[in-house]
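> Sequence:
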Amino acid sequence: MFRHRSTALLAAFTLFLVALPACKGKAASVPDRKGLFAVISTDKGDLVVELLPEAAPKTVENFVTLSKKGFYDGIIFHRVIPQFMAQTGDPQGTGTGGPGYKFEDEIDAAALGLDQVKAGEAPYYERQMMMAVIRKLGIEDEATFQQRRTEVEREARSLADKSVKDVLELNGYSFKSGLKSVPGKRGTLGMANSGPNTNGSQFFINQVETPHLNGLHTFFGQLEDKSFPVLDQIINAGNGNSKITGVEIVDKR
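The sequence shown runs -24 to -1, 1 to 229 under mature numbering (1 follows the signal peptide of the UniProt record, and there is no 0).
Do not take every clue at face value.
Stated by the list, open to error - Calculated pairs, DSS-like style, for lysine-lysine (alpha carbon to alpha carbon, straight line, at most 25 Å):
hint	residue 1	residue 2
1	LYS10	LYS34
2	LYS45	LYS94
3	LYS112	LYS161
4	LYS94	LYS152
5	LYS2	LYS152
6	LYS78	LYS219
7	LYS112	LYS138
8	LYS45	LYS2
9	LYS94	LYS44
10	LYS45	LYS20
11	LYS219	LYS44
12	LYS94	LYS34
13	LYS34	LYS156
14	LYS219	LYS20
15	LYS34	LYS138
16	LYS34	LYS20
17	LYS152	LYS202
18	LYS94	LYS78
19	LYS78	LYS202
20	LYS2	LYS228
21	LYS152	LYS78
22	LYS161	LYS10
Just so you know, these hints were derived from the structure itself, not from any lab.
Sequences and hints are given; from them, build the entire structure.
Written out as structure tokens, the structure is:
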């Protein structure tokens, strides 16, 4: 009996040794500095990301928790747009799925300077201005919009001097002070959503800067430079042709 037990222990120890180099390999791929990192393994290679808990603590916690549960394993990049971004995190692969819950945005408008920029001088927020007007006037269809066009234009002009932050708040967005929010840069990870406070599990990785998304999406991570070729491969492969094979969290704080 002792011999059989020894054999079993030896086999288990051997399996541990076989797995150990792989674990070390993932940890070794993160930068040699303090921080919280994620290695998102895909069938195109590894995406090494620094997570930003000071910018979005709850969002980072959510991503880490889902990753450790294996939630993202096998999920495809269902939506990729060249010169824009790659989106994933939907277990259904359709863009409509999630973890079964939603949580709030984590954005500090002041940290992004959105409280200082006039909406009328910010070219990316014209749509948000129009949405605020339509909401205020209770317009529900195209015919009503056309009938009240003069009134719509007058209201839109009145919003031009308001800050971007003010306009976004009119559309239901809320902001939190004290966060070290980052803008949408090349390689930034952001939460996909369907409006204010509708975050779940879906996220995207920017291939280019996305200033038009500032204030609308929670950004919570930054892709390391060496991983950009992998991101480019995922985007070049098209919708649904790349998938996540696993996510490892490496805490070096």
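> Now, for every hint given, state plainly whether the structure supports it.
Cross-check of the supplied hints:
This hinted pair checks out: LYS10 and LYS34 have alpha carbons roughly 20 Å apart, not beyond 25 Å. Taking the CA atoms of LYS45 and LYS94, the gap is near 43 Å; set against the 25 Å cutoff, the hint is violated. Of the supplied pair hints, the one linking LYS112 and LYS161 is violated, its CA atoms being roughly 32 Å apart against a limit of 25 Å. As the CA atoms of LYS94 and LYS152 are separated by approximately 20 Å, the hinted pair is consistent with the 25 Å bound.
Proximity of LYS2 to LYS152 is assessed by CA-CA distance (about 34 Å); at most 25 Å being required, the pair is judged violated. Taken as a hint, the LYS78 and LYS219 pair is honoured in the structure, with Cα atoms around 23 Å apart against an allowance of 25 Å. For the hint linking LYS112 to LYS138, the alpha-carbon distance of about 15 Å falls within 25 Å, and the restraint holds. Annotation: proposed proximity of LYS45 to LYS2 holds, straight-line Cα distance about 17 Å (limit 25 Å).
Taking the CA atoms of LYS94 and LYS44, the gap is near 42 Å; set against the 25 Å cutoff, the hint is violated. Our distance criterion of 25 Å between C-alpha atoms is met by LYS45 and LYS20, whose separation comes to about 22 Å. Of the pairs offered as hints, the one joining LYS219 and LYS44 holds, with about 17 Å between alpha carbons and a cut-off of 25 Å not exceeded. Our distance criterion of 25 Å between C-alpha atoms is broken by LYS94 and LYS34, whose separation comes to about 30 Å.
The suggested pairing of LYS34 with LYS156 holds, with an alpha-carbon distance near 13 Å, which does not exceed 25 Å. With a C-alpha separation of about 8 Å, the suggested pair LYS219 and LYS20 falls inside the 25 Å cut-off, and the hint holds. Simply put, LYS34 and LYS138 have alpha-carbon atoms about 30 Å apart, too far for the 25 Å limit, and the pair is violated. The suggested pairing of LYS34 with LYS20 is violated, with an alpha-carbon distance near 29 Å, which exceeds 25 Å.
Restraint check: the Cα-Cα separation between LYS152 and LYS202 comes to about 32 Å, which exceeds 25 Å; the hinted pair is violated. Between LYS94 and LYS78 the CA atoms are separated by roughly 31 Å; this puts the pair beyond 25 Å, and the hint is violated. For the hint pairing LYS78 with LYS202, the CA-to-CA distance comes to about 32 Å; that exceeds 25 Å, so the pair is violated. For the proposed pair LYS2 and LYS228, the alpha carbon gap of about 13 Å is at most 25 Å, so the pair holds.
For the given pair, LYS152 sits about 17 Å from LYS78 by alpha-carbon distance, which is consistent with the 25 Å threshold. Of the supplied pair hints, the one linking LYS161 and LYS10 holds, its CA atoms being roughly 21 Å apart against a limit of 25 Å.
In this structure, the hints that do not hold are numbers 2, 3, 5, 9, 12, 15, 16, 17, 18, 19, in rising order.
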